[in-house]
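Participant: Once you've looked at the hints, dock chain F against the given chain Y.
Which chain is which? The protein sequence lines are Y and F, in order.
So in my numbering the end of the first sequence lands on 417, straight run, no missing numbers.
So in my numbering the end of the second sequence lands on 259, straight run, no missing numbers.
Just so you know, these hints were derived from the structure itself, not from any lab.
Covered stretches of chain F (in silico footprint by chain Y; criterion: 3 or more residues with CB under 8 Å from a CB of chain Y, positions within the stretch not fixed): (1) 55–64; (2) 86–93; (3) 97–104; (4) 115–129.
Straight-line alpha carbon distances no greater than 27 Å define the calculated BS3-like cross-link-like pairs of lysine-lysine that follow: (5) K52(Y) / K305(Y); (6) K410(Y) / K110(F); (7) K192(F) / K161(F); (8) K379(Y) / K330(Y); (9) K380(Y) / K161(F); (10) K161(F) / K175(F); (11) K322(Y) / K343(Y); (12) K379(Y) / K175(F); (13) K161(F) / K379(Y); (14) K379(Y) / K75(F); (15) K75(F) / K175(F); (16) K380(Y) / K110(F); (17) K175(F) / K192(F); (18) K110(F) / K379(Y); (19) K35(F) / K192(F); (20) K380(Y) / K75(F); (21) K137(F) / K379(Y); (22) K52(Y) / K330(Y); (23) K192(F) / K137(F); (24) K380(Y) / K175(F); (25) K192(F) / K135(F); (26) K330(Y) / K410(Y); (27) K343(Y) / K354(Y); (28) K410(Y) / K380(Y).
Even glycine gets a Cβ: it sits at the ideal position worked out from N, Cα and C.
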Amino acid sequence: MSLTVLDSSQRLTDVLQNEHRKVMYVQDSILSTCLQVISHDGLPTAKNEWYKYCPLAQLLRIPLTELRQEFKVPILDATALRSDLELHILNGILQIPNALPEGIAIYNFSDPLATPLNLNTNPSYLEALNIAYAHDAYQIHILPNAPENVRIHVRFAQEGQSSTWVNTRLQLHIASGKRIQCVEEFCSIQGAHAVLNYFSDYILHNNAELHHTIIQESGAQGYHIQHRNVILNEQANYQALTFVAGVSLGRFDHVLCFKGHSASGTLRGLSLVNPQECIDHHTRMQHEVAHTQSNQMYKSLVANKGTAVFNGVIHVLPHAQKTDAYQSSKNMLLGEDAQCFTKPQLEIFANDVKCSHGTSTGHMDPQALFYLQSRGIGKKEAQRLLQDAFALELIRQHDATEIADYLEHKLNSQWLQ
Amino acid sequence: MPMTSPNPPFLLSVNQLHAGIEDKPILKGIELQIKPGEVHAIMGPNGSGKSTLSSVLAGHPQYTVTRGEVWFNGKSLLEMEPEVRAREGLFLAFQYPVELPGVSMTNFMKTALQEQYLHQEREPLNAKSYLAYQKQKQAEVQLDSRLGSRSVNEGFSGGEKKRNELYQMAMLQPKLAILDETDSGLDIDALKIVAQGVNALRSPDRSFLVITHYQRLLEYIVPDVVHVLYNGVIVQSGDAALALELEKHGYDPIKARFQ
Chain Y
1 MSLTVLDSSQ
11 RLTDVLQNEH
21 RKVMYVQDSI
31 LSTCLQVISH
41 DGLPTAKNEW
51 YKYCPLAQLL
61 RIPLTELRQE
71 FKVPILDATA
81 LRSDLELHIL
91 NGILQIPNAL
101 PEGIAIYNFS
111 DPLATPLNLN
121 TNPSYLEALN
131 IAYAHDAYQI
141 HILPNAPENV
151 RIHVRFAQEG
161 QSSTWVNTRL
171 QLHIASGKRI
181 QCVEEFCSIQ
191 GAHAVLNYFS
201 DYILHNNAEL
211 HHTIIQESGA
221 QGYHIQHRNV
231 ILNEQANYQA
241 LTFVAGVSLG
251 RFDHVLCFKG
261 HSASGTLRGL
271 SLVNPQECID
281 HHTRMQHEVA
291 HTQSNQMYKS
301 LVANKGTAVF
311 NGVIHVLPHA
321 QKTDAYQSSK
331 NMLLGEDAQC
341 FTKPQLEIFA
351 NDVKCSHGTS
361 TGHMDPQALF
371 YLQSRGIGKK
381 EAQRLLQDAF
391 ALELIRQHDA
401 TEIADYLEHK
411 LNSQWLQ
Chain F
1 MPMTSPNPPF
11 LLSVNQLHAG
21 IEDKPILKGI
31 ELQIKPGEVH
41 AIMGPNGSGK
51 STLSSVLAGH
61 PQYTVTRGEV
71 WFNGKSLLEM
81 EPEVRAREGL
91 FLAFQYPVEL
101 PGVSMTNFMK
111 TALQEQYLHQ
121 EREPLNAKSY
131 LAYQKQKQAE
141 VQLDSRLGSR
151 SVNEGFSGGE
161 KKRNELYQMA
171 MLQPKLAILD
181 ETDSGLDIDA
191 LKIVAQGVNA
201 LRSPDRSFLV
211 ITHYQRLLEY
221 IVPDVVHVLY
231 NGVIVQSGDA
241 ALALELEKHG
251 YDPIKARFQ
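Isolated chain Y (complex conformation) (with noise of 0.2 Å):
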């Protein structure tokens, strides 16, 4: 059965009463507030601010069908880098190849032991979909025991020989004072249309330390959403690098939330955006209590006729004092219709707080072009030089050695050819 039912409301709720909710985790409550919005709210449209420059409304017809037994799983190639526990989620069910190393469990959000999703506030439209339209949702929790440093890698890939849409969630509980790296990376596949509407929490407990790498590889003609929301209690570190290296529609959404003093966050981000594709970062940086410190930087190189967006807003409460925030955003134009559209949004509410911002957005210099080839080299190969000095300042400010290394030599052999 396929059925494109997402601009059908009605049609959409009657689905919901049968075989199609495949996974039901979370209270009846919540699940009938996610159909309300559903059949209240359409997919945003560009006439929604949020969703202005990210053109969601070609997704339409993607129908939103299960996957089913007898779609192909996707198979994996060994990867390059190393864990301590490798994930796969496959067409929004996870595998676990090997055995869990001690002091780490993972449960569905249906387990008994799991900790039950609260939403705050209302969900939007897509998590709305994403909890509705479940295809499965796990939690990771990092254990007071487990051992130090622990690396996960999470690799995700949807087959898709008929398009459909996934909906899958996780959450990592970090115990206090764990220092975690995590690599999600979203593998392509060819040929896939899936839309990945993708929903994951991380929450900090104090002291806490995460860092946080995300891959989207290139290659895949896929549309993807991923909404990540950060929850940091005291002293606890979150850093993240999301790096984007071509994908139809993405659409990436992160969420910081500082709830404990001290805690602090880096987010950076690199979109490698080729012709005819959109990646549209946001993100929220929301300072609760006081002395907390954000830190964000966001790159991205947009080919000629790509689109790049990046809409970063700092809310800072009234008693989050002392807030130390800063965002920049920085743009390389490759062609004459490559677009970029950046917004800081700094909302401060606190009167002792440092928060800053500053964005650029153009084409190559022409001096260092100019400079590069007067010294013999050819403009091609001048213009890569740019390109790679521009992406790897981002890439070299990563902490691991080994996951900068396996970034750019991603972007040497997908991007700057």
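Facilitator: Relative to the frame of chain Y, chain F by itself:
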């Protein structure tokens, strides 16, 4: 059929060169001939077109040549892309060297050298011999090896940037080196060091075109010929004594004569 220069003994022959920026003419008929091994100096007041001449010779896309021809080592220079001019042996030491954050000095010079060797159909250097060559050249121009491992010109002082230009020149071994106001922004000690570096690179098959405002640099780099550029044309040429004369009387007599 490649055209050949009508004046084979000259390394560089500039004939009736007119060029400008957008619609504004700056060079209005430059005549200049340089033989292999010669050092020529071009002096002149501000706005006379000195830097334009060096940029046009190096192929800066901002400038448009409206008339004239330039022969370099028997080939028509103006038809070449800037990178081809460089591979053919033309080098411009910039007045304001550009900072390239994230581009390492090694990667920069290695790429430049590779492209030059490829163009000249020479066997490229392997990694080991490249490093040895780099080390030798850094020592020659007394470039701090720490600078050699940084991003190109990033955070370099004025003097370090100029010395880095010399280092690149030493690496690329050009036939003609154009020094565009290399003395600007240098104190007297830095100036001496740069001049020593240039003198070390002088050879019978390498020519120099030294563009400068002041006679000071020419005390250290003694030219064979001095030209005075004013209002887009060379109005006077002479030997090294001309520079001293200019230093004594300034440019006012020139301005008065050629206004």
